[in-house]
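Q: Chains as they are written, first to last, in this note's numbering: chain A, 1 to 284; chain B, 1 to 284; chain C, 1 to 284; chain D, 1 to 284.
What the hints contain is simulated information worked out from the structure, not anything from laboratory work.
Where hints are given, some of them may not hold.
Identical copies go unnamed one by one, so any copy, or any two together, can satisfy a pair.
What the hints assert, rightly or not - Derived lysine-lysine pairs resembling BS3-like cross-links, with alpha carbons at most 25 Å apart:
1. Lys5 / Lys228
2. Lys15 / Lys142
3. Lys5 / Lys142
4. Lys5 / Lys133
5. Lys247 / Lys30
Protein chains: 4
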Amino acid sequence: MDEFKITAQRYGKRKVRVLRVERLSDGTHKIHEVDVAVFLDGDVLPAYYGNDNSGVVATDTIKNTIQALAQKHLGDVIEEFALTLGDHFLAKYPHMTRAVVEVASRTWDRYIRPDGSAHPHTFLGGSTTPITKVDMTRSSVKVESGIRDLLLLKSTGSGWAGYPRDEYTTLPETTDRILSTQVEGNWTFANRSVDFGKANRAILAALLNTFAETYSPSVQNTLYSSAKAALEAVADVVEISFALPNKHYLLVNLSPFGLQNNSEIFLPTDEPHGQIEARISRSA
Amino acid sequence: MDEFKITAQRYGKRKVRVLRVERLSDGTHKIHEVDVAVFLDGDVLPAYYGNDNSGVVATDTIKNTIQALAQKHLGDVIEEFALTLGDHFLAKYPHMTRAVVEVASRTWDRYIRPDGSAHPHTFLGGSTTPITKVDMTRSSVKVESGIRDLLLLKSTGSGWAGYPRDEYTTLPETTDRILSTQVEGNWTFANRSVDFGKANRAILAALLNTFAETYSPSVQNTLYSSAKAALEAVADVVEISFALPNKHYLLVNLSPFGLQNNSEIFLPTDEPHGQIEARISRSA
Amino acid sequence: MDEFKITAQRYGKRKVRVLRVERLSDGTHKIHEVDVAVFLDGDVLPAYYGNDNSGVVATDTIKNTIQALAQKHLGDVIEEFALTLGDHFLAKYPHMTRAVVEVASRTWDRYIRPDGSAHPHTFLGGSTTPITKVDMTRSSVKVESGIRDLLLLKSTGSGWAGYPRDEYTTLPETTDRILSTQVEGNWTFANRSVDFGKANRAILAALLNTFAETYSPSVQNTLYSSAKAALEAVADVVEISFALPNKHYLLVNLSPFGLQNNSEIFLPTDEPHGQIEARISRSA
Amino acid sequence: MDEFKITAQRYGKRKVRVLRVERLSDGTHKIHEVDVAVFLDGDVLPAYYGNDNSGVVATDTIKNTIQALAQKHLGDVIEEFALTLGDHFLAKYPHMTRAVVEVASRTWDRYIRPDGSAHPHTFLGGSTTPITKVDMTRSSVKVESGIRDLLLLKSTGSGWAGYPRDEYTTLPETTDRILSTQVEGNWTFANRSVDFGKANRAILAALLNTFAETYSPSVQNTLYSSAKAALEAVADVVEISFALPNKHYLLVNLSPFGLQNNSEIFLPTDEPHGQIEARISRSA
Numbered sequence: 001m002d003e004f005k006i007t008a009q010r011y012g013k014r015k016v017r018v019l020r021v022e023r024l025s026d027g028t029h030k031i032h033e034v035d036v037a038v039f040l041d042g043d044v045l046p047a048y049y050g051n052d053n054s055g056v057v058a059t060d061t062i063k064n065t066i067q068a069l070a071q072k073h074l075g076d077v078i079e080e081f082a083l084t085l086g087d088h089f090l091a092k093y094p095h096m097t098r099a100v101v102e103v104a105s106r107t108w109d110r111y112i113r114p115d116g117s118a119h120p121h122t123f124l125g126g127s128t129t130p131i132t133k134v135d136m137t138r139s140s141v142k143v144e145s146g147i148r149d150l151l152l153l154k155s156t157g158s159g160w161a162g163y164p165r166d167e168y169t170t171l172p173e174t175t176d177r178i179l180s181t182q183v184e185g186n187w188t189f190a191n192r193s194v195d196f197g198k199a200n201r202a203i204l205a206a207l208l209n210t211f212a213e214t215y216s217p218s219v220q221n222t223l224y225s226s227a228k229a230a231l232e233a234v235a236d237v238v239e240i241s242f243a244l245p246n247k248h249y250l251l252v253n254l255s256p257f258g259l260q261n262n263s264e265i266f267l268p269t270d271e272p273h274g275q276i277e278a279r280i281s282r283s284a
Numbered sequence: 001m002d003e004f005k006i007t008a009q010r011y012g013k014r015k016v017r018v019l020r021v022e023r024l025s026d027g028t029h030k031i032h033e034v035d036v037a038v039f040l041d042g043d044v045l046p047a048y049y050g051n052d053n054s055g056v057v058a059t060d061t062i063k064n065t066i067q068a069l070a071q072k073h074l075g076d077v078i079e080e081f082a083l084t085l086g087d088h089f090l091a092k093y094p095h096m097t098r099a100v101v102e103v104a105s106r107t108w109d110r111y112i113r114p115d116g117s118a119h120p121h122t123f124l125g126g127s128t129t130p131i132t133k134v135d136m137t138r139s140s141v142k143v144e145s146g147i148r149d150l151l152l153l154k155s156t157g158s159g160w161a162g163y164p165r166d167e168y169t170t171l172p173e174t175t176d177r178i179l180s181t182q183v184e185g186n187w188t189f190a191n192r193s194v195d196f197g198k199a200n201r202a203i204l205a206a207l208l209n210t211f212a213e214t215y216s217p218s219v220q221n222t223l224y225s226s227a228k229a230a231l232e233a234v235a236d237v238v239e240i241s242f243a244l245p246n247k248h249y250l251l252v253n254l255s256p257f258g259l260q261n262n263s264e265i266f267l268p269t270d271e272p273h274g275q276i277e278a279r280i281s282r283s284a
Numbered sequence: 001m002d003e004f005k006i007t008a009q010r011y012g013k014r015k016v017r018v019l020r021v022e023r024l025s026d027g028t029h030k031i032h033e034v035d036v037a038v039f040l041d042g043d044v045l046p047a048y049y050g051n052d053n054s055g056v057v058a059t060d061t062i063k064n065t066i067q068a069l070a071q072k073h074l075g076d077v078i079e080e081f082a083l084t085l086g087d088h089f090l091a092k093y094p095h096m097t098r099a100v101v102e103v104a105s106r107t108w109d110r111y112i113r114p115d116g117s118a119h120p121h122t123f124l125g126g127s128t129t130p131i132t133k134v135d136m137t138r139s140s141v142k143v144e145s146g147i148r149d150l151l152l153l154k155s156t157g158s159g160w161a162g163y164p165r166d167e168y169t170t171l172p173e174t175t176d177r178i179l180s181t182q183v184e185g186n187w188t189f190a191n192r193s194v195d196f197g198k199a200n201r202a203i204l205a206a207l208l209n210t211f212a213e214t215y216s217p218s219v220q221n222t223l224y225s226s227a228k229a230a231l232e233a234v235a236d237v238v239e240i241s242f243a244l245p246n247k248h249y250l251l252v253n254l255s256p257f258g259l260q261n262n263s264e265i266f267l268p269t270d271e272p273h274g275q276i277e278a279r280i281s282r283s284a
Numbered sequence: 001m002d003e004f005k006i007t008a009q010r011y012g013k014r015k016v017r018v019l020r021v022e023r024l025s026d027g028t029h030k031i032h033e034v035d036v037a038v039f040l041d042g043d044v045l046p047a048y049y050g051n052d053n054s055g056v057v058a059t060d061t062i063k064n065t066i067q068a069l070a071q072k073h074l075g076d077v078i079e080e081f082a083l084t085l086g087d088h089f090l091a092k093y094p095h096m097t098r099a100v101v102e103v104a105s106r107t108w109d110r111y112i113r114p115d116g117s118a119h120p121h122t123f124l125g126g127s128t129t130p131i132t133k134v135d136m137t138r139s140s141v142k143v144e145s146g147i148r149d150l151l152l153l154k155s156t157g158s159g160w161a162g163y164p165r166d167e168y169t170t171l172p173e174t175t176d177r178i179l180s181t182q183v184e185g186n187w188t189f190a191n192r193s194v195d196f197g198k199a200n201r202a203i204l205a206a207l208l209n210t211f212a213e214t215y216s217p218s219v220q221n222t223l224y225s226s227a228k229a230a231l232e233a234v235a236d237v238v239e240i241s242f243a244l245p246n247k248h249y250l251l252v253n254l255s256p257f258g259l260q261n262n263s264e265i266f267l268p269t270d271e272p273h274g275q276i277e278a279r280i281s282r283s284a
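The following block holds chain A by itself, in its conformation from the complex:
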């Protein structure tokens, strides 16, 4: 044994992309496009300490497995596909003790014709990214789903006041500002026997409803209220985390040009940005 030791490892394949065309009996197609990562852990340390690779399933094999299993198992619910992949690797390789599977879904919206009918096989790229992460051992499984790339803005109904002032404080208080964020949300399910699709839709609806309909005294409060509404809506969810950038829209000073700016003209900015992150759980 060495004077140094490996205290954690994981390895695998990232950015394995797959699209499955699902042909329905009525001639309509459904498409499922995902970007998958699989990480494995187990009895693989000899490959690190020396040159014994006999425990290390090649990441190329991991890629092939994802593509092959997609044919039968990739469908509407990315959580189910992730669970299938995790089950496969733990069943196949007794020396592996843990599998982490991450799936990000590229959303494709069905093209709606001018007459309102849905086209059977034409799709437009969507703008949000549902994700899931399955972390499993032989005795446990954690399913965490979430959303990326959800961009929200409200042009009123938001303020920021009552915060501490010190010698570096220059920001004025306001009860009417623009609030905009790009939601990074994650929620943990109680177990693997959940109607994931239904749950995800309910959580998203709770988030949007809270953002739209409630006055925001702070990003913090909007974050908590959204998570609370989602936890109330979906009993199968144990906890919710949000990471919300505060994408500032700065009021432009037009007075040098003899103009008043009554909360009308703003400078959208990406940096710097506030960042508010919290995890909300059910009380014991």
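Got chain A sorted already, so can you dock chains B, C and D onto it with the hints?
A: Leaving out everything else, chains B, C and D in the frame of chain A:
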């Protein structure tokens, strides 16, 4: 005079971002968010050849002008805002001979509540980017509009066959493949007195309808047919250009795993990609 | 008390960029450009549960503080600046219990004239990004530094063999391949009284030397050997983590064109990629 | 004939990546990594107007050709490889009238050991991107080379004054500011019989020397002076274009915090940015 000469120049400000909140009388808000670039040309060469900056309107001034004029002029039609900016700089500075104004619009879709009603001031980020470019002198004006970030896919109704074969050709012919592209479209208007909003919507509808409803024997033919449909739909458009990447979805070989792949499992790829570009005009 | 509770939070400001010009007495300039994030935790939950913001230092104030303290404290060693910022917020706000400060450095290399002399105030953008993260409470401090954007390639001296084969394995074994990675490295210091600059240089040298001079039977082994060399070189470092993508260069099959490819022509790829991650500590 | 006509087209393959390992007789390796695009034009319009693809060399064939010819022809000088590719397609396909080949080079710097010796087969990723574009017909050839991703900064020796002031002007004049840009340079060679490598090195040296050693009264003047120096240095170059973003570093107002800012603390910004573009030719 020098032994070297400047044969072309333009200068200006890029990535000037502005959002305008338009407050309607019924309490509803409209928002207009744009990313603007303005380039100027004229009697500015002394700044290049020496240190006489007396003709060079500071790009900081250009930025301020964009923000100030947005208050009154930034609305639903980005072409009108671009024309206003171009008019301003040529009117203000007699020594300037040309103004190029580029506007890209960030689309925000109004949040639709579960009951189907539209929220008055909450918006979700959209997924396409309408653009316009106004190129004007005192005696001419060219208005070119277009679209970016429009991602399309059809899971059947596309083929590729009959092409030349040489010693470097390995691709098999097919009459059923996935066709996917990210449309970069530009169209030139006959003059500045056009209902730009209406025209842009008609062009987009023609493009989508052609892509969805017509068999594609090649990206080339789909490009031409889409442009033709758009030119037929909008008399005010003189010519249309499309640059269409062919975002290949490669059929995965599952036979090493004892599986057949009946056009079901594909590998989405970004590189390399085919690239098809053409400009279509009305015949004289 | 609610039926839901916040079990973790942090908030702050991200992407606060600062450049300091340091004027030396001989007329030479040094420049220090950083991208800073500061996150705070403490008695701030009332802002989440309701509208009491009295504990929430505005993120705008955080930004101002970073800029103001940069004047005196931003220098060659980003770890020292991060520690100063963390100390400030904990000293200033008794109700805050934890400060996390992240600093990424944009490297600028001094321009070397054709005669070999260093220019006093002209710089070229470098290609790697040193980072640090200070995580402190009133009773503890953890300083973790690292590197991003370090791109390495060796065109021989690397192989991959002896791995398990199953029904999804198609990859052939090799003892001569290209190995390329983009190093994401992090190392934890034993305390805050370290010559951080010297330590970072020694770690980087150990990493590069190992990568270059040792045959790689796997990314895993190269990762471990590099970390081992770095831990041997710097006694002040407690543990090292590396996350190494295996950026595959695929041998191109030229046989359809009547050509042999003796490990000469490769297809560089970004996706999918292997990903190898491990943490190495000193044995107790 | 249709009532619409195609007035311009080009098609081809983009992002064809290749790395060649060149094995020298002393055991040292050289590596050449490029990203190639090839566009073709000629008698291909029937594929647009209908479904006759007999003139359209498949873009997959184009990719194969690039990879196959790389084995013999990809070396130190990317211009030579681009010319070889252009020659090939025009020689092979009589119905093609024009070939455009674009090559971007990923720079890899040889690893220098602590003892100063160069490692035979280990490389670090560089930070600039040399490019070339060959545009040829059977009777003409234009070779244009250039540089991307060259990031420069001088912390003094730059000013901006004497510009027009109008009602939208708020910027103060200065004779001491930071000047930073990311050079996009292109230069056109007189013919194809040039020592391209030597010429490119001389142009780059002229640019760097001018930027570093000359006071800049404007980006415009620095652009012209750099181009002039390059044209003077390399007789084989006909004209040079630069597109220089003015990446503003804004002086931070520290006075609210009781601090003076003597051109020491700056806010680096990416947007908005000035943009200065010009083409300089030899006078007839």
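Q: Which numbered conditions among the earlier hints are violated in the structure presented, ordered from lowest to highest?
A: none
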